[in-house]
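Engineer: Based on the hints, put chain E in the right spot on chain D.
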Amino acid sequence: MREMHGYAGTILRVNLSTGTVSREPLSEDLVSGYIGGRGFGAHFIYREVPPGTDPLGPGNKLVVAAGPFSGVFLPSGAKTSFSAKSPATGLYGDSNIGGHLAGELKYAGYDAIIIEGRAQGPSYLFIEDDRVEIRPCEKLWGMGAIKTEKALKDELGDEFQIATIGPAGENMVVFASVNHDIGRQAGRCGMGAVMGSKNLKAIAVRGTKSVPVADMAGLRKVADEMFSALAANAALKVWQDQGLAQVTTWSNSIGALPTRNFRQNFYENAEALSGERMRSDIHVRDKACFACPMATGKYCRARHRGETVFLEGPEYETTALIGSNCALGSIEEVAYANYMCDELGLDTISGGSAVAFAMECFERGIITKEDTGGIEARFGSLDAFVEIVKLIAARKGIGEPLSRGVRAAAAAWGGGSEDFAIQVKGLEWSGYESRGAPSMMLAYMTCDIGAHHNRAWSITHDIAVGRNVIEGKAAKVIELQHVRPLFDCLGVCRLQWVELGLPLEYYARLYPAVTGRQETWDDLLVKSERIWNLVRAFGVRERADFGRADDQPPRRFYTEPVPDGPLAGSRITREDLDRLLDEYYDLRGWDRNGRPTAKTLERLGLGDVAAELLAKGRIS
Amino acid sequence: MKLDAERCTGCKLCQLVCSVVNFRENNPKKAGIRVVSRLFTDARYDVVVCDQCGVCIDACPVGAISMEDDVVRIDPNMCTNCGVCVETCPNGALFSHPDVDYPIKCVACGECARLCPRGVLDTLADVGKVAS
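The listed protein sequences correspond, in order, to chains D and E. Note that the working numbering numbers the first sequence so that position 206 is 206, with each residue one more than the last. Note that the working numbering numbers the second sequence so that position 106 is 106, with each residue one more than the last.
Same shape as in the complex, but just chain D (with noise of 0.2 Å):
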């Protein structure tokens, strides 16, 4: 078999039915046309699983995938890209995890492994090199996600690299989460709900092999030249003191700061919740990703009712949604909190919004104590958002409704509560309010998997051009949906680029030498919208109704204004989302209801998508 440059060249498909193992080798249409990580989920999650196949079934797919910048010389090509339908929005789904684990599944010889049907018990897949096994794991069902990763590191050794999901990920959560590194989690999107409903409790990988790559000389000279400007940065040392914790007392004043189940977008104890207080209070080790200086990853201990727990974080998002957003008292607080999620396996995103979202419709009288089942589901308790996420893992009481995400929440409780769920297409929204932020507000909208900030983090884009300006702002986001998750695709972590200013030219010259592919960046930016086009088209096959309706923010969003704080008394309207999804799907060569055109998709290499949607009168 050709070598290919930049991957290890064999897709692993393990169908956990049958027992089977298998390998492909990597095609070159696969390669040339979705490049890694996230576009291979893209690709395989739209060709293999077909219109109405039930996200936790097994028929669902989960495709693991790392791309050609994983493991290989250069900062942080640590990420991998965990795909399939998702289960909170019954569209493609993705999430992606940093850490050890990318690099390890190519060293073994995979650039990704499709995960089909349902083992029979609970199994988990053992990886070493040319040795695959569905091993059996009874004992370990039921077990917290980071206990299971310790238990299976205590049994292989330190060198496997190890996923797991925890009870919420078994009990099918739609926000369960994958975790791997104690602290790193493919949170978003039920991706470990998609594993608990294969009955996979975990992942574990080595390998020995080497990622060949087409230029060495040349990917050291980058990545040389990479490795010198990071270190060189004056900002480096305050993301390797707090990493992403910093961004709390910024987001908060500039009123982007959910807060109180997202009424308000500045937390008055925002200080407490601080990447100081963090640092000063909790903190114990810096823990890096792969090959990565900045070392965001911070492992800390938080005590509780006299309890001590170890956890890597909190990071910014757990701190917006489990702090502010439920109104937690202090960084401390906040740690037991995401450790109590981390061990459940359920995205603290989702899971601080759900919590928020409970607490909410308790202060409003929509569920009462008999409903909790005397939990006093008051913003500002640590104990009540403990009891909540452990119904929610266990899917009893209150945790029932709100395991299928807050969309289903509201629809079971009613009271007018669904203009408060806050999400797009049925995933919770991420860590940024957004009322006074247009195309922050539009990319959570537009973002292909639902509400999620990181497709297209333009926040900066609205303070720099102004919070209240609408004309142009579809195009920032555009752009920035393609820019970013190309990293996702190519496998290396985006924070060198996004927070510490490393200039893409270098990733530009990074993919021919590791590659031997001579293709501009904007080459590739033609495959990440095919990419994002692809997804698209996952959601009209999927659904005849699917398209603009789709897109729509809660309407806390344009209904209240933002009572306090740096930005109070501003708010966005019913006219101007609609001006910005307008704008956006004209730049987008989609129609007014946000379906592709079958021109567009032609455009991109897509013909026998568009010819597939024509001919179910999807497109036109």
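Note that these hints are calculated values from the structure, not bench results. Just so we're clear, the structure is a prediction, and the values are computed from it rather than from any experiment. Virtual Cβ for every residue (Gly too), placed ideally from N, Cα, C. Do not take every clue at face value.
To be verified - Stretch-level coverage of chain E by chain D, calculated; a stretch enters the list once three of its residues show a Cβ under 8 Å from a Cβ in chain D: (1) 4 to 15; (2) 27 to 33; (3) 48 to 56; (4) 86 to 93.
Structural biologist: Frame of chain D; chain E shown alone:
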């Protein structure tokens, strides 16, 4: 060796660059250094690398190991890959790899020290200078 593992963040860039420099490959298992996570038990990382103590020189049954310019070196042509040095090393700093027919150890090239983002390996840079 006075390396300061207290500062290690576990990123393993040292392992990666070691394989790149000494084998021209991307493969952290083909490296003369290891980062070991002790987070679960001791909330820290360990860094395992040769301190050039030379205990393996006498242990080698075929005389394949020698000291050159303060650096302990294994002659791949003489080595029979019997594994005695690996077992003898007091630091556990000689590493077997399935595709390499002799144990891999630090040759004090200093590249890991140069790139370590936390200066864990400052002292190795000095050894590297001696070696070059």
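Engineer: Look at each hint and say if it fits the structure.
Structural biologist: Hint check results:
Here the segment 4 to 15 of chain E counts 5 residues with a CB under 8 Å from a CB of chain D, which clears the bar of 3, and the coverage holds. Only residues whose beta carbon comes within less than 8 Å of a beta carbon in chain D count, and the segment 27 to 33 of chain E has 4; three or more means the coverage holds. With 0 residues having a beta carbon nearer than 8 Å to a beta carbon of chain D, the segment 48 to 56 of chain E misses the requirement of three or more and the stated coverage is violated. Counting residues of the segment 86 to 93 of chain E whose C-beta sits closer than 8 Å to any C-beta of chain D gives 0, which falls short of three, so the coverage hint is violated.
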